[in-house]
Amino acid sequence: MSILAKDFLKTEGILTGEPNDSLASALAKLNSSHGAVFVTEGKKLLGLISPYHVLYRSNFPGESKLKNCLFRPPKLSPDTPVAKIARLMVESKVYYLPVVDLEDNLLGIVSYRRILRWLKDNGLIGEFGDLMKPKAMISIKEDEALGRARTLMKPGGVSRLMVTAPSGKLIGILTRYDLRLALAEPQNSQKSWSRAGSKDGLADRQVRPYIKRAVATLGRDKDIKQAIELILTRTIGSVVLVNNKYQPVGLVSVHDILNRLAEREQGSKNPLSFNLPDGFRYRETLKRKVRKSFRKLSRRGKILTYRVTVKQKLNRAGKVSRYEVIIGVKLPNRAELSTKVVEYDAVKAVNQALDKIAAQME
Numbered sequence: 001m002s003i004l005a006k007d008f009l010k011t012e013g014i015l016t017g018e019p020n021d022s023l024a025s026a027l028a029k030l031n032s033s034h035g036a037v038f039v040t041e042g043k044k045l046l047g048l049i050s051p052y053h054v055l056y057r058s059n060f061p062g063e064s065k066l067k068n069c070l071f072r073p074p075k076l077s078p079d080t081p082v083a084k085i086a087r088l089m090v091e092s093k094v095y096y097l098p099v100v101d102l103e104d105n106l107l108g109i110v111s112y113r114r115i116l117r118w119l120k121d122n123g124l125i126g127e128f129g130d131l132m133k134p135k136a137m138i139s140i141k142e143d144e145a146l147g148r149a150r151t152l153m154k155p156g157g158v159s160r161l162m163v164t165a166p167s168g169k170l171i172g173i174l175t176r177y178d179l180r181l182a183l184a185e186p187q188n189s190q191k192s193w194s195r196a197g198s199k200d201g202l203a204d205r206q207v208r209p210y211i212k213r214a215v216a217t218l219g220r221d222k223d224i225k226q227a228i229e230l231i232l233t234r235t236i237g238s239v240v241l242v243n244n245k246y247q248p249v250g251l252v253s254v255h256d257i258l259n260r261l262a263e264r265e266q267g268s269k270n271p272l273s274f275n276l277p278d279g280f281r282y283r284e285t286l287k288r289k290v291r292k293s294f295r296k297l298s299r300r301g302k303i304l305t306y307r308v309t310v311k312q313k314l315n316r317a318g319k320v321s322r323y324e325v326i327i328g329v330k331l332p333n334r335a336e337l338s339t340k341v342v343e344y345d346a347v348k349a350v351n352q353a354l355d356k357i358a359a360q361m362e
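According to the UniProt record's numbering, the residues represented by the sequence shown are 1 to 362, in order.
Source of the hints: derived by calculation from the structure; they are not laboratory data.
Glycine included, C-beta positions come from ideal geometry on N, C-alpha and C.
Any given hint might turn out to be false.
Stated by the list, open to error - Label-pair restraints from in silico Cβ distances:
| # | residue 1 | residue 2 | range |
| --- | --- | --- | --- |
| 1 | 105 | 165 | 52 to 58 Å |
| 2 | 11 | 67 | 33 to 39 Å |
| 3 | 117 | 62 | 18 to 24 Å |
| 4 | 222 | 105 | 42 to 48 Å |
| 5 | 221 | 275 | 26 to 32 Å |
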């Protein structure tokens, strides 16, 4: 039996706001960058407010009216399958999605928490175990500058930096949401980003005051069920995996679990597949770009298979020096298409490969 939105439907305790309420009043109700306040007029859903969209993707002042800064999320029907719900949550970066009727009346919502609890309680997480494998983590020291943190986050679409002591021991994390709030602090906008050598710019401030020190951690020998239990119990978005020296060696996030659910549930019916190196730091950026391109190309016609492979080329010192991106596509009644790009910049290689394969498919 298929599991549908109506099986997860939450109808009480939903955070709501009215069109003329202030943005500040809506944000005060939230404690997560992926949370949501649903804006309604009567029973009609107008949209939602999510910190990710109004603070990170945009920069609305707190006195803005909700009707002027709405994000219009994917809408679920009661019969939307769980795989699609998981995919829409990942793509929209909102982990609470509305369920509406044919007239857009809000019937309730589906939350990531109900999905994770369903996975855990029904013993459906066995295939998620590899999410606990060690992976390359990007770290920063607490005396480094906010500008450095922003630079580290941008290239690979990284949303969290591990803050470590000189010994490598974990002392906290800095999230993209924390960084955005830090760089949005009231200050003369012309001086917010200082020139080299200036001491008064926001970008020159140390990350120390902005990091989260109460980090949820698990030993690398624990299992995925324990990670999900910790996420649910503490209402957090991720768990850091540490070794016996308390050094970060991996991360399990709500995003990872939802993404895997979407891929696993689609199974062999999904023509899109990835072959990526362990610890590939641009994994989520690549997948996001590929999925966006794949959806666009799928509108032209049926795609039998679309496979993306990344290989990392090492220099003599054993460091990654170049990235090779290979995309192979099978279409009905056509010879197999393929392209290969080698670049020093992984994101550039991905973009070029996507453009080349799209041109071949025209």
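**Item:** Ascending list of hint numbers which this structure does not respect
**Value:** Structure breaks hints 2, 3.
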